[in-house]
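As they're listed, the protein sequences go chains S and C.
Here the first sequence is numbered in full-length UniProt numbering, starting from 1 and rising by one per residue.
Here the second sequence is numbered in full-length UniProt numbering, starting from 1 and rising by one per residue.
Derived from the structure by calculation, the hints contain no laboratory data.
Predicted model only: the values in this text are computed from it and were never measured.
There's no promise every hint is true.
[Stated by the list, open to error] Coverage of chain C stretches by chain S, computed from C-beta distances (three or more under 8 Å per stretch; other residues unrestricted):
no.: 1; region: 74-84
no.: 2; region: 119-126
no.: 3; region: 441-449
no.: 4; region: 769-781
[Said to hold, decoys possible] Derived Cβ-Cβ restraints for the label pairs, each shown as a range:
no.: 5; chain 1: C; residue 1: H802; chain 2: S; residue 2: A15; range: 48 to 58 Å
no.: 6; chain 1: S; residue 1: I46; chain 2: C; residue 2: E685; range: 22 to 32 Å
no.: 7; chain 1: S; residue 1: R132; chain 2: C; residue 2: D761; range: 30 to 40 Å
no.: 8; chain 1: S; residue 1: D139; chain 2: C; residue 2: E825; range: 49 to 59 Å
Don't be surprised by glycine CBs; every beta carbon is placed ideally from N, CA and C.
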Amino acid sequence: MSNPLTILVVDDEPAIRRLLHAGLTRADYRVVEAGSAKETLSAIRIDKPEVVLLDLGLPDRDGLELIPIIKSVGPAVIVVSARDATDQKVAALDLGADDYVSKPFDSEEVLARIRTALRHRLANETAHPIVRCGEIEIDLAGRIVRKSGVEIHLTPKEYGLLAELAKSPGRVVTHAQLLRSVWGPGHESDVEYLRVAARGIRRRLEDDPSQPTLIRNEPGVGYRLILS
Amino acid sequence: MNDQRPDPDALLRAAAREGKGRLKVFLGAAPGVGKTYEMLTDGAARRDAGIDVVIGIVETHGRRETEDKVHGFEVVPRKTIEYQGHILDEMDIDAILARKPALVLVDELAHTNAPGSRHDKRYQDIEELLEAGINVYSTLNIQHLESLNDLIASFTRVRVRETLPDRVIEDAELEIVDIPPDELIERLREGKVYIPEVATRALGHFFSKSNLSALRELALRRAAQAVDAQMLDYMRANAVAGTWAVNDRLVLAISEQPGGPELVRAAKRLADALRAPWTAVHIETPRSTGFTKAEHTQLAETMHLAAQLGAQVATVPATSVLEGLKQFAADARATQLIVGKSVRSRWFEIRHGSVVDRLVRETPGLAVHVLPFEPSQFRRSLPPERSGGAWGAPSGYAVSLGLVFVVTVLGMAIFARGNITNIGLLFLIPVMVAATRYGLRTGIVTGLISSLAYNFFFIPPTHTFTIEDPQNIITVLVLLGVAIVGSQLASQVREQALLAQASSAQNSSLAGFARQLTGISTTDELAQVLCAEVARLLDGNTMILIPEKDSLSIRASCPSGYKLELLDEAAARWTLDNNKPAGRGSDTLTASEWLFYPVGTAGKVMAVFGLSRSDARAPIRSDQLPLLLSLLDQAGLALERIALEEEMSNLAHVRERDRLRHALLSSVSHDLRTPLTTILGSLKEIRATSPEQEQQLLATRSEAERLHRFVANLLDMVRIEAGSLHQSIEPVDLSEAVASALHDLGATLLDHPTHMNIPADLPFVLVDPQLFHHCLINLIENAAKYGQPGTPVTIAAHRDAHGLALSVEDEGPGIPEGQEKRIFETFTRIEGSDRKGGTGLGLAIVKGFAEAMGLEVLAANRTDGMGASFAIRFRPGQLKEWPRE
Numbered sequence: 001m002s003n004p005l006t007i008l009v010v011d012d013e014p015a016i017r018r019l020l021h022a023g024l025t026r027a028d029y030r031v032v033e034a035g036s037a038k039e040t041l042s043a044i045r046i047d048k049p050e051v052v053l054l055d056l057g058l059p060d061r062d063g064l065e066l067i068p069i070i071k072s073v074g075p076a077v078i079v080v081s082a083r084d085a086t087d088q089k090v091a092a093l094d095l096g097a098d099d100y101v102s103k104p105f106d107s108e109e110v111l112a113r114i115r116t117a118l119r120h121r122l123a124n125e126t127a128h129p130i131v132r133c134g135e136i137e138i139d140l141a142g143r144i145v146r147k148s149g150v151e152i153h154l155t156p157k158e159y160g161l162l163a164e165l166a167k168s169p170g171r172v173v174t175h176a177q178l179l180r181s182v183w184g185p186g187h188e189s190d191v192e193y194l195r196v197a198a199r200g201i202r203r204r205l206e207d208d209p210s211q212p213t214l215i216r217n218e219p220g221v222g223y224r225l226i227l228s
Numbered sequence: 001m002n003d004q005r006p007d008p009d010a011l012l013r014a015a016a017r018e019g020k021g022r023l024k025v026f027l028g029a030a031p032g033v034g035k036t037y038e039m040l041t042d043g044a045a046r047r048d049a050g051i052d053v054v055i056g057i058v059e060t061h062g063r064r065e066t067e068d069k070v071h072g073f074e075v076v077p078r079k080t081i082e083y084q085g086h087i088l089d090e091m092d093i094d095a096i097l098a099r100k101p102a103l104v105l106v107d108e109l110a111h112t113n114a115p116g117s118r119h120d121k122r123y124q125d126i127e128e129l130l131e132a133g134i135n136v137y138s139t140l141n142i143q144h145l146e147s148l149n150d151l152i153a154s155f156t157r158v159r160v161r162e163t164l165p166d167r168v169i170e171d172a173e174l175e176i177v178d179i180p181p182d183e184l185i186e187r188l189r190e191g192k193v194y195i196p197e198v199a200t201r202a203l204g205h206f207f208s209k210s211n212l213s214a215l216r217e218l219a220l221r222r223a224a225q226a227v228d229a230q231m232l233d234y235m236r237a238n239a240v241a242g243t244w245a246v247n248d249r250l251v252l253a254i255s256e257q258p259g260g261p262e263l264v265r266a267a268k269r270l271a272d273a274l275r276a277p278w279t280a281v282h283i284e285t286p287r288s289t290g291f292t293k294a295e296h297t298q299l300a301e302t303m304h305l306a307a308q309l310g311a312q313v314a315t316v317p318a319t320s321v322l323e324g325l326k327q328f329a330a331d332a333r334a335t336q337l338i339v340g341k342s343v344r345s346r347w348f349e350i351r352h353g354s355v356v357d358r359l360v361r362e363t364p365g366l367a368v369h370v371l372p373f374e375p376s377q378f379r380r381s382l383p384p385e386r387s388g389g390a391w392g393a394p395s396g397y398a399v400s401l402g403l404v405f406v407v408t409v410l411g412m413a414i415f416a417r418g419n420i421t422n423i424g425l426l427f428l429i430p431v432m433v434a435a436t437r438y439g440l441r442t443g444i445v446t447g448l449i450s451s452l453a454y455n456f457f458f459i460p461p462t463h464t465f466t467i468e469d470p471q472n473i474i475t476v477l478v479l480l481g482v483a484i485v486g487s488q489l490a491s492q493v494r495e496q497a498l499l500a501q502a503s504s505a506q507n508s509s510l511a512g513f514a515r516q517l518t519g520i521s522t523t524d525e526l527a528q529v530l531c532a533e534v535a536r537l538l539d540g541n542t543m544i545l546i547p548e549k550d551s552l553s554i555r556a557s558c559p560s561g562y563k564l565e566l567l568d569e570a571a572a573r574w575t576l577d578n579n580k581p582a583g584r585g586s587d588t589l590t591a592s593e594w595l596f597y598p599v600g601t602a603g604k605v606m607a608v609f610g611l612s613r614s615d616a617r618a619p620i621r622s623d624q625l626p627l628l629l630s631l632l633d634q635a636g637l638a639l640e641r642i643a644l645e646e647e648m649s650n651l652a653h654v655r656e657r658d659r660l661r662h663a664l665l666s667s668v669s670h671d672l673r674t675p676l677t678t679i680l681g682s683l684k685e686i687r688a689t690s691p692e693q694e695q696q697l698l699a700t701r702s703e704a705e706r707l708h709r710f711v712a713n714l715l716d717m718v719r720i721e722a723g724s725l726h727q728s729i730e731p732v733d734l735s736e737a738v739a740s741a742l743h744d745l746g747a748t749l750l751d752h753p754t755h756m757n758i759p760a761d762l763p764f765v766l767v768d769p770q771l772f773h774h775c776l777i778n779l780i781e782n783a784a785k786y787g788q789p790g791t792p793v794t795i796a797a798h799r800d801a802h803g804l805a806l807s808v809e810d811e812g813p814g815i816p817e818g819q820e821k822r823i824f825e826t827f828t829r830i831e832g833s834d835r836k837g838g839t840g841l842g843l844a845i846v847k848g849f850a851e852a853m854g855l856e857v858l859a860a861n862r863t864d865g866m867g868a869s870f871a872i873r874f875r876p877g878q879l880k881e882w883p884r885e
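Generate the whole structure from the sequences, applying the supplied hints.
Right, here's the structure in full:
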């Protein structure tokens, strides 16, 4: 690529930065590193990265606080953290993070998440109104869902949930975000509605609803639409 | 209640009851009074009124009249339960819930269900019915009530095993089914009474007339209490003001007059009968300063006796007995007031009105008991001997006479210049001075002498005591009148000032003591200050004893260095155990030289305070008693505060330890994971150049992964043991949760096909999704580890009467017998398992996480003997049905 995309790796551990640096450079990204919140903030302005891989445990500031600041400047944020507490993930996502990866991570997984985030950033929703996941086709403009070319009828809420996930394919969307946009404000904690709709979608669209491949449940965090 | 707003707590209770069924309990004193019959009669009336009534369970015990009553009701068939070869039949709660009648009749509220039933106790069944909005009628014998069980067993010598928590009937409507003891005994003789679970030989005793009367009284009292509580709730919820306290509070007015002890004892009897707290109060009026020594002693003794008999004692200053009593009774929210019949003369009553009459008139809602004094005690000491030199000090007379002399000389000087008639007014000066400063008698004497001097020196004919002009008689009378009125006014003011002074002295000692207490932070310091302060205020010897484990030892004394005699120790010990005074001047162990008082708060004795006097007098005068008790109250509060502070500081230590542990945990989690991440990530990047290298790389990677799992498990274990699991419970779809776990396990399950059998109609389970996810992963991983390669792992869920069970089964060696519990312990691996990959923590984590969420984990071998089976059990309360869209 003549004009490589820039990734900012934020971690206070040089070893982790080196590891990510190696993997990302091999995938033809330009890599910038930052070891603290201060360095991060200046790197964002100077290097104008497309994606920030953000560790939450920084020496000078809580990584969570950085998320809104980074997002306001433009880049996508993928949280890479050893904190596997569910509420931290949810907090990061609700603050606007695009995705998260738990340590220890797989370089392939990180690359896949970066691709997803970039695609989402570059894609224009109206330009790509049809999302394809295997044999499932979600036509966001026509509000139609097809499986192997056959139209499948979903209830309005089931369609709403699927469409909401299809707007950010491959990314995890938190329960609260889904409930707010599909069921409306005030329903943020009615997780059982989501479970009902998710089960409905699986029953109608999955080959084997007990081994779902379309919508993955991230326990305690949210749902993710799996492409391919 | 001052404000008329409804009490929010009461409203909440009322709101919680709405939508639920109502419970009505037919309460009887003993078996055989006809509760079931009464319940059926009442139920029949409801049924005839068109209400949907069914019988849940009714035992007729073959009684004809009862059996007749059952006819005409729909009876929900009972459920049979087999237990150890016996067939037991129990109420079928599910059938009733499905039938959903408006009212169900359920006999014997205190019944214990057969083992294997949904609930251990029938009242739990009933609570479930009530929750479902079904009204319930039930029956109960008073002896089954938990709070009365001991009491009843103590006099009937029959202890029932089936007890019922009092809260069950707290909100219930109670109907007493009552027949007189004689009639019940008659019914018993005729064989009309069926007695369950009571040994026959105990019967004669149980059904004695005295026992039945006592039981009956308890039943009636309990019902009255329930009515009381419900009425209070109603009144609070609806903000009904006015006198509504059914629980009595009794106030006894104590005067200086003889007969006080009889009054105190009568009040004590009444208080006992009403089970009411009582207070003995003395109203201190300006008149109190004029008490004779005998009256003081009388009052002190009476107050002391009241305190000993369990009364709170108080002395309240007021302008009049009536006002003081009215105010005090209102403040104490008294319902009963006891006064002795006044022994004042008829003449006094006519002038001032009877205190009793006015009390009755001016305190509506207050029952006033007027008790006569014993005639033998009626001996008023006449004439009332003034305490403290009633005739006044000689110096007062000297000063007054000097003044009269000066005025006379002055008057003579003026008189020499002409006959000035109103020169007599000058004599008002010495009279006023004498009357106001030295009291009535000095004033009158001065008045007399002044009038004599005026008469002798100034009234013509001068130098004689004869008075010619009647005008001058008036002057003499005025002088005498001024002396009397002035001295009375002044003496009243003086007495009130004295009273206020005494009262403020007491208040200032209390305030000073309170101030000292606030600065104290150790028990030792408190003990010393209390001893010194009381010794100073009451002029006696003091000591304080504080219990430590089993011993009771002197913590401080004043003067210091006392040793306890055996007898004193016994008295102190008694005070500690009984929360009552003991020793000299009390009712118990009076041979001790010391008088011991309990120190503590709210019925908890934290220390014992001892008081004695070197001169062998009674350790304390009763007028000092309120002061001492207040001081001890304050000391008790301070002791409690110190104990709490110590507890808090211990807690702070624990917190600090937790904080350190938490810091360690997060740093370990960070510091171990970071290098592991790097190692694992780098290993994946490395490309092998030869087959051997490939093998080595694979081995290294799998070991690194194992290390990572181990660290993760270790951290989980520490979190469980530190009790620092953060939970957020939400409804989770079991099939979805299992699918997530299977997905995350990925490669681990390559050797094992998974069979899932989770019906679609199962309810949600209420768990923390993340913890539950870990539980599932560890359970399935464990099954994969111990199952023979190629054999399936079966994950199944089913619902039963006790809730829901999720099981994970493998096909492997199974669990050695007797190890079912042990395998959940930390670092336990099944003997003979030599396979790699286990940390010995997986199952311990499953158990730890599950228990943190209130779930139960069971290990067993499969019923088909093919391997092990692990189950997570959910109680009905941990399930949630799917919403209907």
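Contradicted hints - numbers only: 1, 2 and 3
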